[in-house]
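S.K.: With the sequences and hints as input, model every part of the structure.
Line by line, the protein sequences are chains A and B. According to our numbering, the first sequence is numbered sequentially starting from 1. According to our numbering, the second sequence is numbered sequentially starting from 1.
Hints listed in this document are in silico derivations from the structure and should not be mistaken for laboratory results. All of these numbers come straight from a predicted model, not from anything done at the bench. Heads up, the beta-carbon is just placed ideally off N, CA and C, and yes, glycines get one too. Some hints could be false.
Unchecked claim - Beta-carbon label-pair distances, calculated as ranges:
{"#": "1", "chain 1": "A", "residue 1": "Pro448", "chain 2": "B", "residue 2": "Leu71", "range": "31 to 41 angstroms"}
{"#": "2", "chain 1": "A", "residue 1": "Leu430", "chain 2": "B", "residue 2": "Gly32", "range": "30 to 40 angstroms"}
{"#": "3", "chain 1": "B", "residue 1": "Gly30", "chain 2": "A", "residue 2": "Ala139", "range": "56 to 66 angstroms"}
{"#": "4", "chain 1": "A", "residue 1": "Ala134", "chain 2": "B", "residue 2": "Leu71", "range": "43 to 53 angstroms"}
{"#": "5", "chain 1": "B", "residue 1": "Gly32", "chain 2": "A", "residue 2": "Pro30", "range": "13 to 23 angstroms"}
{"#": "6", "chain 1": "A", "residue 1": "Ala239", "chain 2": "B", "residue 2": "Leu71", "range": "39 to 49 angstroms"}
Unchecked claim - Not the full set, but computed from the structure, chain A residues with beta-carbon under 8 angstroms of chain B:
{"#": "7", "residue": "Arg382"}
{"#": "8", "residue": "Gly385"}
{"#": "9", "residue": "Gly389"}
{"#": "10", "residue": "Val437"}
{"#": "11", "residue": "Leu438"}
Claimed, not checked - Looking from chain A toward chain B, a few residues come up when the C-beta cut is under 7 angstroms (computed):
{"#": "12", "residue": "Phe225"}
{"#": "13", "residue": "Gln228"}
{"#": "14", "residue": "Val434"}
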Amino acid sequence: MGLEFLARVRKTSCWTGAVLALVAGRYVGPGDGLALGFGLLWSLANLFLIERLVVAITGPGHGELPALKRVAWCVGGMLGLLAAGAALLTWLPAASLLWGFLVPFAVLTLKAASQLILGSGTWKRFARHPGRAAGLIVALALAAWVVAPLLARAAAETDSTHASSAADPTPAEPSHGAAPGTADAHGAAGSHDDGGHGESSGPQKFANFITVLSRAFPDQPWAHFLHQYEVVFFSLLVALVVSLLAFFASRNPKMIPGPFQNAVEALVEALNDFIVGILGPRHGPRYVPFLGTLFIYILAMNLFGIVPFLEAPTSSLNITVAMAITVFLYAQFIGLKELGVVGFLDHLAGNPRTVTQWVMVPLMLPIHVLGEFAKPISLACRLFGNIFGEDMLLVAFVSLGITTLAFTGLPFGLPLQVPFLFLALLTSTLQALVFTVLSTIYFLLMLPHDDHDHHESHESAHPAH
Amino acid sequence: MNFQAALALGLPLGIGIAAIGSGIGLGLIGQGAMQAIGRQPEATAKIQLAMIIIAALAEALTIYAFVTMFLLSGKIQ
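M.R.: Have a look at this one:
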């Protein structure tokens, strides 16, 4: 447990604190989120100064002039920190500041505890046998299943403001039919949520097993919760399935692969060749994991829409927008990292070199910035529109098949949707491919242009903007 | 004509007009790509990739019209 351990603690606390501050800012209040962030920063700075102080006093060369100077710096910094802490306490809510202050200590304790547990004999005994590990996981899940509703009930009783903010999306559903003027912001989410209810005004989708469950248990809070977040649930399910497949394919690799390993390897190799072929051998391999995962994940999500009693998460804007924002942020990150801040601004200004180009900068800069923001919007809307339209097409033909045989009173209809299932297979694959290819090209546009693909990337820049 | 009737008339028309436009565009893209493949069969992979990208961009316009219709169709009672 040396300085390296402390550096890891600092990094983890930064990430945890950022997530916690965002969550608190959304669900408790913006001031509390800010206070949590500031408390965390204060605590981290404090810990850093203490660490420096201890190093300066006990490290090599202590007692000499540079070390004494460092000691003086640290003490002065701590006095300044105390003053800043006093100012923060009068300015922001104290409870959230305290929580933020405690985050690094919690991370420190948990990390130390996990190191102790991972080194202990009990853990090794559990981890070595898959059966025992699975039993432990099942036991933990059961305990969480029992404890979570109790905790939620207790929290709902003590903290009514939290409950009202958690139940915020629910009023959007009835108002969607009653007052269209107020519900336009919730149009997509609201009409998606009530798909499956017969009485709703929004477009109706196939019933999946969550809608069946929520109809079977209409009064249970967990069924309502599942129904409200069914898209997220299905996307997590897809992620689980894909992860398990990847795990079982790569768990026991052989030199002469079996059929399963062979198929997965062929897919990965094809994706690798494809993406490296676009991005070039210098930059390509670094982005293959992200883009290839994107392709497999989207393909699996799209294909979920064809399986009965499952639903394609991509037929909701929530999931596609989330993925498009991820791609957008990653592309900007690549641009900032590979080009540097100046190079990034130069890229946004259209790489001005001549006087005419410099004159055009006030015009080109807004166009490029708007183009950057148009990319995720078009990515998200394209995927959502295609998969949603495919779903609606199937629904329309299924209901047509039912109405043609309605006069007989039989409990089934003509399978008129069968030809469109093949169309759905096609669009599912194609849209996953298109999303991946466009993301790859957005990355390519951000990468520094080599002399080889300089010409090519500028050609593809024009349709993308 | 109240705004709901206008919406009920305009939304399908909007989709149809957008579909005409991107249909023409897709046809031209397909024509160009097929001709290019016919002339240079060894460059099929590159041409297909570019074709898919541009086809997706052309097709997106209809999808935008479709999404707009979907967002506004809730206002027709």
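S.K.: Give a verdict on every hint.
M.R.: Status of the hints after comparison with the structure:
1. For A:Pro448 and B:Leu71, the hinted distance range of 31 to 41 angstroms is satisfied, since their beta carbons lie about 39 angstroms from each other.
2. Separated by about 19 angstroms at the C-beta atoms, A:Leu430 and B:Gly32 break the suggested range of 30 to 40 angstroms.
3. As the Cβ distance of B:Gly30 to A:Ala139 is approximately 58 angstroms, the hint placing it in 56 to 66 angstroms holds.
4. Between A:Ala134 and B:Leu71 the Cβ separation comes to about 46 angstroms, which falls inside the hinted range of 43 to 53 angstroms.
5. Range check, B:Gly32 to A:Pro30: about 53 angstroms between beta-carbon atoms, so the 13 to 23 angstroms window is missed.
6. Separation of A:Ala239 from B:Leu71 is about 28 angstroms and departs from the stated range, judged on CB atoms against 39 to 49 angstroms.
7. Given hint, A:Arg382 at the interface with chain B, holds; its Cβ is 5 angstroms from that chain's nearest Cβ, closer than 8 angstroms.
8. A hinted interface residue such as A:Gly385 counts as satisfied when its beta carbon comes closer than 8 angstroms to some beta carbon of chain B; here the least separation is about 3 angstroms, so the hint holds.
9. Given hint, A:Gly389 at the interface with chain B, holds; its Cβ is 6 angstroms from that chain's nearest Cβ, closer than 8 angstroms.
10. About 6 angstroms separates the beta-carbon of A:Val437 from the nearest beta-carbon of chain B, less than 8 angstroms, and the hint is met.
11. Hint on A:Leu438 holds. Least Cβ distance to chain B is approximately 7 angstroms, under the 8 angstroms limit.
12. Interface hint at A:Phe225: violated, since its Cβ lies 24 angstroms from the closest Cβ of chain B, which is beyond the 7 angstroms cut-off.
13. Taken as an interface hint, A:Gln228 does not check out: its beta carbon lies about 19 angstroms from the nearest beta carbon of chain B, beyond 7 angstroms.
14. The beta carbon of A:Val434 is positioned within 7 angstroms of a beta carbon in chain B (closest approach about 4 angstroms), and the interface hint is therefore held.
Of the numbered hints stated above, those contradicted by the structure are hints 2, 5, 6, 12 and 13, listed in ascending order.
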